[in-house]
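S.K.: Each chain is listed here by its residues.
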Amino acid sequence: MIRLSRRAAVAGALAALSAPSVLRAQTLRKTSVGVLRLSSSGPVFIAAERGYWREAGLDVELKFFTAAQQVPVAVTSGDTEFGVTGLTASFFNLAGKGALKIVASQSREAKGFPLVAYMVTNAAYEKGFRSVRDFAGKRVGITTTGSTFHYELGLLAKKYGFDLSAVTLVPLQTLPNMQAAFKGGQVDAILAPVTLARALTADGSGRILAWAGDETPWQLGALFTSPRAIAEKRDVVERFVRGYLRGTSDFNAAFNQRDAAGNEVRGTNFAETIGVVARAVQQAPELVAVGLPFVDALGRLDVGDIYNQIAFWQQAGLVGKDVTGKEIVDLSFVRGHLNVPKN
Amino acid sequence: MRLVCESVGHRYGSLDVLDGIGLTVADGECVAVVGPSGCGKSTLLGIMGGLVEPAAGRVYFEGTAPAGSLNPITYVFQDFALLPWRSVAANVSLALEHHPLDAREREARVADALARTGLGEFRDAFPKQLSGGMRQRVGIARALAVSPAILLMDEPLSALDAQTRELLMEDFLALWLAARTTSVYVTHNLHEALRLADRICVLSRRPGRIKQIVAVGIPQAERAASAAAREMSILADRLWAAVREEAIDAEREIAHG
Amino acid sequence: MPNARSHMDDRRPVPFRGGGFSPMPVRYAAAIGFAVLLAIWELAVRRGLVSPIFLPAPSTIVAALGDLWRAGTLWQHVSQSLVRLAGGWCLGTAAGLAAGLLMGVWSLGRAVGVPFVSALFPIPKISLLPLLILWLGIGEASKIATIALGVFFPTAIAAYTAIDAVPRNLIRMAQSFGLPAGDVLRKIVLPGALPGILAGFRISTSIALILLVSAEMIGAQYGIGAFVLQAGNLMLTDQLLAGVLLISLLGLMLGAGLGRLERHLLRWR
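Residue numbers (our numbering), protein chains in the order written: chain E, 3 to 345; chain G, 79 to 335; chain Y, 1272 to 1540.
Only chain E is shown next, with the shape it has when bound in the complex:
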């Protein structure tokens, strides 16, 4: 077993340097991962580009999807073995039926990382909607019920003690719809991803009240696979996580460095790494540099927050009561997880 994987690693290293060889195809274990073309999946792109999985004896195929909810479905249906994406109520419903297990972290909302803005329209601002404490009684546009935006508002409600049921959540399905409703004054506020938020402030149609990362840090996304894969081919999962963690480490080193004052500092290999991500998300490097999320270098999960997410969705009646955090998180692949609940 060890000999085999060592040989595979050597072969992989050789293949990375020279032309593809028959040997590589024979010795690398094929597997696949479902991702979106977002910078939060940067560790996946880095691991693939830099041959970290090949060195771990894996030939990983990246399968690209266009919506967060498609990735867990793809893992459930067996179209991909692994998935990396944001956590939504839909994810927990699938996971609760025994189809998915979280093994490592993806990105996290963290202080100093502007990813999602609470934006108010000028009209609402004029009428006194000037703080994230003022959400009660307002109309707020989100993509869908059960989305990450929905949870972020829930966290905000908990932090500032307003009643989430006093906020009218308006599900608008797509970002263009949200943008239209915001510009037309059909909603008082929206939760906007950084690029949309910048566009809306640039054309003067609204103001940013705060960033979700600053207000309510939480575990936004995760790496997951199927329980069957863990049971039947644990070594593949282990090798996949090993390669993935080299990606998170590179990502963190390049993008997540801050100086003592909390200002952004370009980290190790910044230019080259941003090139890797930019090619994968098919955007200009300058644009990618604006919306880089925080990714834990060691792939550690904020386990307590995941438990909290499940409780929140259950309370909202959107996730079945029988779903438990213990069953859907496997802590054995990454050491030193954060905030692990006692029971």
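Hints in this document: simulated from the structure, not taken from any laboratory. Don't take each hint at face value.
Stated by the list, open to error - Here are the simulated lysine to aspartate or glutamate pairs, EDC-like style, with alpha carbons at most 16 Å apart:
# : chain 1 : residue 1 : chain 2 : residue 2
1 : E       : Lys99     : E       : Glu266
2 : E       : Lys323    : Y       : Asp1338
3 : E       : Lys235    : E       : Asp332
4 : E       : Lys113    : E       : Glu266
5 : G       : Lys289    : G       : Glu324
6 : Y       : Lys1458   : G       : Glu324
Chain E is already provided as a structure; the job is to place chains G and Y on it using the hints.
M.R.: Positioned in the frame of chain E, the structure of chains G and Y alone reads:
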């Protein structure tokens, strides 16, 4: 009333269909128009009733319509032209509804027209429930209901089978003899023309011109009698001789495109 | 005599060669077929042959409907959707009939209208949602407009082709009896076009149902479409199929209603 055609001509695009038709239908006269297919018989009838605009010439009607005539020039159609969604009585009443009649008079006219055509017990039936002969009776009843001064009949029997045609012709003759309405009867059936018409107008092949006008000297009521058989047979031969050449030429012309 | 006997020996019945190729209605066959299918489906899920994630059992779907009923939201979803369907369909139908009539009888209307309608008909109405939100907001107006827009085009085309198919000899007949133009329209053209228009209604009601989900993408809290959408977003497949079941039941009921209307209005056929 009299109907006068003055050098009527017509063309469809570059195709001449009628040329220099001059014909006067006298008051109380029935004129049959016969000719090979495609000679413009039906077009002529359309021009006479104001449904087709002639390319040349004009059509006049002269005299005053009798009192109570609602639609002086009235058609009976080859395909009956009944509204399938209206009952027999409602089809007849269609011709009356836009006239300022009170309901009683309208109903009286409908009932009278249906009685004269033997449709009394079919007044609530829909056209699809009727045989072809009954349907054309509805078409005739509709024409009678407006008390026409001039009747224009466009092959009214040619969509029917031979036996029905014979039966309807008998009824038709009786109706016509009772009213003696000025009529033009277009047909390709010489037998029908000979039964009904005072004069028979033979059109040439396209473009249709008047080739010959044959007067039938025997009163309509006596034509079926055996005493008239010889004279009728001579007339039929004469008529056929006039139509035959045209029909042969017309057929060749169609065959050669 | 020997001749006659040999004829008797040679005698055979002419074999029947016709028959077949003319499907007859078989009573209850549809119901039994449906029941068998449901039973197989239910068993397959219960025996674990099919994962309930991929295909929830019929009983689970019915239970999800029952939950809705007990929560009291079922009627809220259905009634809100019905209001939107009725509003959008009536609006789209009225406008479509008017446009179809103009294209059917008026040369200029046809010259302008037909290319216009043909160009706009195939546009997926979903792609116009952001525009509709800008124009009409996210209230009922934009939802009703989405459905109305979807209903308008097939109705206009159905009305226009139906009017075109009214036999011209009937119109000439009416003119020969001196009917005024208004009467020709009212008594000949419209009743003559009615079968085609009613056939168009079947298509437009289906399109209205299809667009219900799109219409309720726009900030709807209640409605069958909103419910289906949310269930899909949350991967609650049993609720998703319960909502789909509701929509198809609604479609069946509308279809049956239209069938009765057709039988009543077109009993002359």
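S.K.: Please go over all the hints and tell whether each is borne out by the structure.
M.R.: Tested hints:
no., hint, verdict
1, E:Lys99 with E:Glu266, "violated (41 Å)"
2, E:Lys323 with Y:Asp1338, "holds (15 Å)"
3, E:Lys235 with E:Asp332, "holds (15 Å)"
4, E:Lys113 with E:Glu266, "holds (12 Å)"
5, G:Lys289 with G:Glu324, "holds (10 Å)"
6, Y:Lys1458 with G:Glu324, "violated (42 Å)"
In the structure shown, a violation is registered for the earlier hints numbered 1 and 6, in ascending order.
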